[in-house]
Amino acid sequence: NAGVTQTPKFQVLKTGQSMTLQCAQDMNHEYMSWYRQDPGMGLRLIHYSVGAGITDQGEVPNGYNVSRSTTEDFPLRLLSAAPSQTSVYFCASSQDSNNYGYTFGSGTRLTVV
Amino acid sequence: AQSVTQLDSQVPVFEEAPVELRCNYSSSVSVYLFWYVQYPNQGLQLLLKYLSGSTLVESINGFEAEFNKSQTSFHLRKPSVHISDTAEYFCAVTLNTGFQKLVFGTGTRLLVSP
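Here the protein sequences come in this chain order: A and B. Under the working numbering, the residues of the first sequence are numbered 1 to 113, in order. Under the working numbering, the residues of the second sequence are numbered 114 to 227, in order.
Everything labelled a hint here was simulated from the structure, so no lab data went into it. Every residue, glycine too, gets a C-beta built ideally from N, C-alpha and C. One or more hints might be untrue.
Unchecked claim - Estimated spans, in silico, between C-beta atoms of each pair:
1. A:Gly53 - B:Glu129: 46 to 54 Å
2. B:Glu129 - A:Thr15: 45 to 53 Å
3. B:Asn154 - A:Ser67: 27 to 35 Å
4. B:Ser143 - A:Thr111: 35 to 43 Å
Please put together the full structure from these sequences, using the hints given.
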């Protein structure tokens with residue numbers, strides 16, 4: 001059972017480049033989310049989805065797009081990378097009740113130069 | 114909206130000493146509370162959770178946390194820490210009505226030395 005899989009693990013981008021961070025889960029979880037982790041700021045919610053075809057903004061959505069065409073996949077797109085997006089990105093999923101807690105991926109460390 | 118405060122950014126302790134990591138939350142309605150642990154270069158793992166019932170919850174590796182509604186706290190404790198407990202610990206809260214977002218504190222780094 002793979003859980004939540006994130007790719008790539010590391011990425012370096014130049015300012016203005018675009019890329020997609022991939023996230024896939026095999027637990028049939030309805031709820032998926034993207035967080036960014038920055039020193040001293042904890043984890044901040046970027047976007048989340050409560051099911052296929054449904055997404056919504058979190059605390060820090062600017063500069064990021066998401067879509068949820070299937071239950072399994074929840075990719076995060078950076079359309080024009082900026083140095084302020086240098087961070088560690090985590091994808092997480094949970095069953096829809098919140099009672100079970102979240103399962104996190106191992107993260108993507110992104111550097112924008 | 115709910116929020117979480119972890120006042121201690123770093124807690125250094127010696128091996129086999131007790132430790133308490135503090136967490137306070139703010140919410141006008143009932144909440145679920147969680148502690149997550151992040152070992153170096155890894156994702157977060159659920160350590161324990163409070164949903165309802167007994168206010169004292171325990172994890173399989175000796176940590177416990179007590180929900181105190183009057184003080185809006187959910188402090189994490191362990192009577193005797195090991196070197197392997199060195200990690201960052203995050204407190205998190207979500208509302209217990211419907212489908213709610215999980216809000217994290219800024220984290221506390223526990224440093225256990227011999």
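Check: Measuring from beta carbon to beta carbon, are Asn154 of chain B and Ser67 of chain A in 27 to 35 Å?
Finding: 29 Å, holds
Item checked: CB-CB spacing for Thr15 of chain A and Glu129 of chain B relative to the 45 to 53 Å hint -> Because 49 Å falls inside the window, the suggested range holds.
Check: Quick one: are Gly53 of chain A and Glu129 of chain B within 46 to 54 Å, going by C-beta?
Finding: For Gly53 of chain A and Glu129 of chain B the Cβ distance comes to about 52 Å; the hint holds.
Checklist line | Range hint compliance [Cβ, Ser143 of chain B to Thr111 of chain A, 35 to 43 Å] | finding: 41 Å, holds
The structure fails none of the hints (numbered hints given earlier).
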